[in-house]
Each structure stands twice: as structure tokens, then as C-alpha cells.
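Chains Z and S are the protein sequences, given in the same order.
At position 30 of the first sequence the residue is numbered 30 (our numbering), and the sequence of numbers has no breaks.
At position 173 of the second sequence the residue is numbered 173 (our numbering), and the sequence of numbers has no breaks.
Everything labelled a hint here was simulated from the structure, so no lab data went into it.
A few of these clues could be false.
[Stated by the list, open to error] Dumping the calculated DSBU-like pairs for lysine-lysine here, alpha-carbon to alpha-carbon at most 35 Å:
1. S:K377 / Z:K42
2. Z:K42 / S:K402
3. S:K377 / S:K281
4. S:K377 / S:K123
5. S:K351 / S:K170
6. S:K63 / S:K204
Remember, it's a predicted structure, so these values are computed and weren't measured experimentally.
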Amino acid sequence: MTTALTLEDIYEALATTIDAVGPAQSEVYLAKVALALAHELKNPARALQMVTDCAADLD
Amino acid sequence: MRPNGRGELDSLYFTYPHFDAPATREGLDRATPVVIVGAGPVGMTAALVLAEQGIASVLIDRKDTFNDGSRAICVARQSYYILESIKTVQPFLDKALGWTTGRTFYRGQQILEFDMPDSPDEKYRPMYNIEQQYIEDYLWQAVAANPLIDARWQTEITAMTQDDDGVTVKMRDPNGTYTLTAQWLLAADGARSAVRGMCGLRLKGENFEGRYVIADVRMQHDYPTIRRALFDPASRPGGTVLVHRQPDDIWRIDYQLKDDESAEEATREENVRVSVEAVLKDIGHTGGYDLEWWSVYSANTLALDDYRLGRVFFIGDSAHIVPIFGVRGLNNGLADAQNIGWKLGWVMNGKADAALLDSYSPERRGATLDVFANASKSTRFMTPPSHGWQVMRDAALSLALKQSYAGALANPRQMTPYTYADSPATLADDPDFSAGPVPGAVSVDPRIDGGHLSDQLRDITVLAFGTAPDIAPRDGVRVLTLSADSAAARAFDAVSGTVYVIRPDMHIAARWRSASPADIDAALDRLNIRKGISA
Chain Z
1 MTTALTLEDI YEALATTIDA VGPAQSEVYL AKVALALAHE LKNPARALQM
51 VTDCAADLD
Chain S
1 MRPNGRGELD SLYFTYPHFD APATREGLDR ATPVVIVGAG PVGMTAALVL
51 AEQGIASVLI DRKDTFNDGS RAICVARQSY YILESIKTVQ PFLDKALGWT
101 TGRTFYRGQQ ILEFDMPDSP DEKYRPMYNI EQQYIEDYLW QAVAANPLID
151 ARWQTEITAM TQDDDGVTVK MRDPNGTYTL TAQWLLAADG ARSAVRGMCG
201 LRLKGENFEG RYVIADVRMQ HDYPTIRRAL FDPASRPGGT VLVHRQPDDI
251 WRIDYQLKDD ESAEEATREE NVRVSVEAVL KDIGHTGGYD LEWWSVYSAN
301 TLALDDYRLG RVFFIGDSAH IVPIFGVRGL NNGLADAQNI GWKLGWVMNG
351 KADAALLDSY SPERRGATLD VFANASKSTR FMTPPSHGWQ VMRDAALSLA
401 LKQSYAGALA NPRQMTPYTY ADSPATLADD PDFSAGPVPG AVSVDPRIDG
451 GHLSDQLRDI TVLAFGTAPD IAPRDGVRVL TLSADSAAAR AFDAVSGTVY
501 VIRPDMHIAA RWRSASPADI DAALDRLNIR KGISA
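Could you build the full structure based on these sequences and the hints that come with them?
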């Protein structure tokens with residue numbers, strides 16, 4: 001029996017994949033994920049807002 | 001540069017002519033309506049556009065032959081219309097290779113194929129490849145045959161002054177010096193324009209770090225005329241390579257230099273050969289090749305703040321340096337030449353007021369800034385200027401290997417004619433239209449009467465659908481009436497009563513879905529076209 005996927009599953013998959021691709025590739029990998037998700041979202045304005053918003057509170 | 005043992009003009013396929021300085025000195029200092037400095041493609045085109053309107057010019061160039069090497073090789077559709085207007089298009093059609101398709105590869109795998117807009121109903125293909133020597137040669141044949149153009153080779157301008165009445169220039173050639181006066185001066189003397197320096201002007205803008213070697217080889221290579229862009233190929237890890245087919249079995253190979261590669265080292269023949277051979281391996285060419293010519297360039301975006309200083313107009317590279325991606329250098333130079341050429345002709349022939357000339361710089365500088373916006377995007381993709389651009393470029397290319405939508409990010413933005421939306425010579429659009437070319441845009445060219453609309457365009461055309469408008473006649477303004485129920489009408493989103501005003505350069509000045517004669521008169525006034533008919 002499968003359970004519905006949650007944001008936590010995405011969180012964990014990103015964490016393990018960042019480790020798997022290694023520090024040399026993780027940045028390009030995350031950029032790819034962002035482009036792919038933005039494409040699937042089919043809402044460029046919303047995606048652009050998220051690109052901007054995510055720059056907050058990094059320190 | 002050319003291989004060891006061959007001179008700078010020692011081409012495998014082209015014989016450079018030699019032009020003497022003027023031998024007969026009498027009349028060299030006779031006043032001329034227009035002096036054009038620089039007999040490259042842009043200067044020659046300007047002279048021919050003026051001559052079409054009966055305006056004589058003196059055309060000078062410091063060299064004794066054409067520019068060396070193939071240089072600009074892509075001529076866009078709209079430039080073919082310009083060539084047609086100066087009656088030189090036929091040799092270009094006979095020689096050049098038309099193309100519509102580009103392919104982009106990442107690490108050897110094709111990630112994008114794009115087609116530029118084209119159809120059998122178009123008069124010309126979206127793009128043609130032809131070596132610049134031929135461009136200059138064909139234009140020169142027309143210039144040399146034209147009695148209104150006085151071409152003087154090995155002649156340079158050494159000083160220049162201007163006042164309200166005209167321009168005075170000092171000329172020097174191997175046989176002597178003289179002073180010449182003209183009403184107007186067109187500076188078509190290229191990126192290192194002497195006229196620009198004499199005017200105390202300089203180009204401003206960004207410098208991109210990207211540097212490319214462009215190399216031509218002659219080889220028997222079986223591939224259609226399709227522009228190939230290779231990202232991160234085996235031949236240039238992390239770099240970008242462009243491959244173009246030209247006539248005469250000549251192939252253009254552009255490759256990006258790494259930051260730590262010196263241009264001097266990279267342009268040594270043995271290093272060019274190593275790089276070229278690696279690219280040939282990338283594209284699967286196993287036969288031999290002859291190295292023809294190579295050069296190096298940087299991807300720059302530089303322009304003058306104003307393309308006019310009094311009676312001096314800057315056209316082509318003297319006014320703007322653009323990155324070559326998107327092939328806008330030559331094509332925009334030709335558009336500059338046509339733009340100032342027809343306007344000067346109309347003013348000098350008394351058909352328009354001098355205020356018409358005020359629209360040259362806004363229109364053509366606007367076109368340059370549009371080029372910058374597009375070319376800068378292409379440049380940032382080809383040669384990422386910082387870590388952020390590099391990361392996103394690599395991400396897009398990597399994604400594109402499996403996802404075709406990401407390949408569109410790698411689409412090199414090719415030349416499209418600029419819309420003069422903000423020009424003082426362009427009227428606001430009529431909101432009743434839902435399609436058709438907007439004011440400032442270049443006209444569409446639908447088929448009519450077994451040919452094309454452009455066959456019937458001359459001077460300024462008031463293109464009316466259904467019924468001819470009752471407007472007062474003006475010199476150089478012609479009314480052309482087409483059926484309101486036709487393919488042409490649909491291309492213009494026209495109904496009975498619709499009117500377009502089309503300029504000599506095929507740009508739309510104004511349009512109304514339902515025009516009144518007063519509307520049309522006001523638009524012609526706005527264009528500074530004089531009222532009435534001369535005797």
C-alpha cells in the first residue's frame with residue numbers, strides 16, 4: 001500500500017541527491033530542479049516571485 | 001590571417017581586385033551633395049540608395065581593395081529587400097545559400113532544432129550565407145557602373161569641419177591632398193571610425209569577455225545549410241562552437257577561447273589547425289581540408305549616444321559594435337544605410353522637410369539597443385559572464401538533453417527587423433486592428449497579381465483596401481488600392497476602408513482600420529512629407 005507523498009519526501013530526496021551528485025554538481029543540479037519545477041508550475045509570474053522570495057533569510 | 005606562405009589577400013576562392021588612387025586630379029575638389037567615408041558594404045549601399053533617388057555622392061575608402069576575409073556571412077531577408085531596392089539582388093540570389101534551420105547540440109547530442117519563419121509565399125528566405133568579399137564585390141559592380149557615384153580608393157579623410165551650410169573635409173591619397181565640401185557626410189568607416197574621432201565622439205557600453213576565433217576552411221563536407229551550435233563539445237570542453245556553410249565549399253567555424261587562452265597564441269596557425277581539426281572530428285568530417293582564413297573577435301555591445309552630429313550621420317560599425325550572435329552587424333548596417341539614404345534623398349529632393357532626418361538616430365539607435373538586448377542574452381548563454389550565468393546555462397543545457405522545452409533557452413535569437421515603435425515618424429496604432437503589421441514594423445509582403453506586394457511598392461505608398469481614399473496629391477506619395485476580399489487584405493487585417501502608409505524602407509508609418517482622408521494627411525504631415533506637387 002502506498003501512502004500519499006508529502007513535501008517531506010521532496011525534502012529528503014533533494015537532500016540525498018545533493019549528496020549523491022556531490023558538491024561540484026549540486027548547484028547545477030538544484031538549478032535544473034528549479035527550472036523543471038518552474039516549467040511544470042505553468043505560472044511564470046508565481047515562479048518568478050518564488051525565485052525572488054527564496055533569496056530572503058539565507059544567513 | 002592566412003596560412004604561412006600566403007599573403008593577406010591570397011584567397012583559395014576569391015581574387016581581390018586592386019584599385020588605384022584617383023589619377024586625374026582635376027575636379028576632385030568639386031563640391032558634392034554627399035560624401036561617404038568608407039566603401040564597405042554599408043557605405044556602398046548608402047551611395048546606391050542615394051543614387052536611386054538621383055543624388056550624387058563621393059565615396060572614399062583608404063584601402064586599395066575589399067576587406068580581407070569572409071567576415072560577415074549572414075544576410076537576412078530584410079537586407080535582401082534593401083538589395084532589391086538598389087537593383088543588386090540578383091547576384092546575391094545566384095550565389096548565396098539560403099537557410100531556415102538551426103540545430104543546437106550539447107555534448108554531441110542535439111537538443112534543439114529551430115526554424116525561422118518561412119513559407120513558399122515569402123519572396124526571400126529568412127537568411128542567406130555568403131562571404132563578405134562577394135557582398136562587397138556585387139555592391140561594387142553596381143557602384144562602379146553608376147555615374148552618380150564617384151568612388152575614390154586609397155583616399156582618407158584627414159580633417160573635417162562643419163557649419164550650417166555643409167561639411168568641409170580634407171582628403172589625402174598617394175597622389176596628393178585636396179579640400180572638398182559637401183552638404184552631408186555619412187560616416188561608414190567602421191569600428192575604428194576616423195570621422196567619429198574627428199567629431200570627438202566615442203562608443204559607449206558594455207564589453208563582454210567572450211572572445212572567439214573565426215576560421216574558414218575549404219572542404220567537401222556533406223551537410224545541408226543548417227547553422228550548428230555546439231555547446232561543451234569534445235573539441236572545446238566548456239566552450240561553444242558555431243559551424244556555418246558558405247558557398248564554394250567554404251565552412252565557417254567559430255570557437256570560443258578560454259579565459260586563460262591568449263588571442264595571440266590562439267591565432268597562430270598551428271594552434272588554429274589543432275582547434276579546427278578537433279571541431280571537424282566533432283562534426284564527423286573525416287576528409288581533408290584547406291585552411292583559408294581566420295581572425296579573432298570579442299563579443300562587444302558598444303554604441304554612440306546619438307548617430308547624428310549636425311550634418312554628419314554615422315552608419316554601420318562606426319555607430320555601433322554588436323556581438324555577432326544573431327548576425328546583426330552587417331544587416332543593421334545595411335538598414336542604417338537605407339534609413340538615412342531614403343530620408344536624405346527625400347529632403348534633398350524637396351519632397352520632405354529636414355525634420356524627417358531627426359528620426360534617423362532614434363530609429364536606428366533603437367534598433368541597436370534592441371540588438372543589444374537580444375544579443376546580450378545570446379552572449380550570456382554562449383559565454384556566461386559570471387558564476388550565476390554559468391550555473392544556469394549548464395543547468396538549462398543539462399535539462400535539455402531529456403526535456404525539449406529547455407532547448408528553447410539555447411535558441412540563438414536571430415535577426416528580425418526592428419519595429420520603430422518610439423520613432424517621431426511613427427503614429428500610434430489603431431486599436432481596432434487585431435492582426436497585421438503594427439506602425440513602425442516592417443510590412444508583410446503577401447502575394448498579389450502573381451508576384452508580391454513589394455513589387456508594387458515605390459516611394460511612399462498609401463495602401464488602401466476596397467476604395468481609394470480621396471487625398472490631396474504630394475510628390476512621391478502613391479495610392480495603391482487592393483481588394484478588401486483577398487489574401488493580401490487578410491495579411492493586413494484589412495476591411496473595406498482600411499489604409500496603411502508604407503515608407504520607402506517598407507516600414508509602416510501609420511494605419512487605420514477605417515481611414516479618413518484627414519487621418520492620412522495628418523500622418524504624411526507627421527512624416528514631414530511636403531504638401532502639393534512640384535511643377
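What hints, given by number in increasing order, does this structure fail? none
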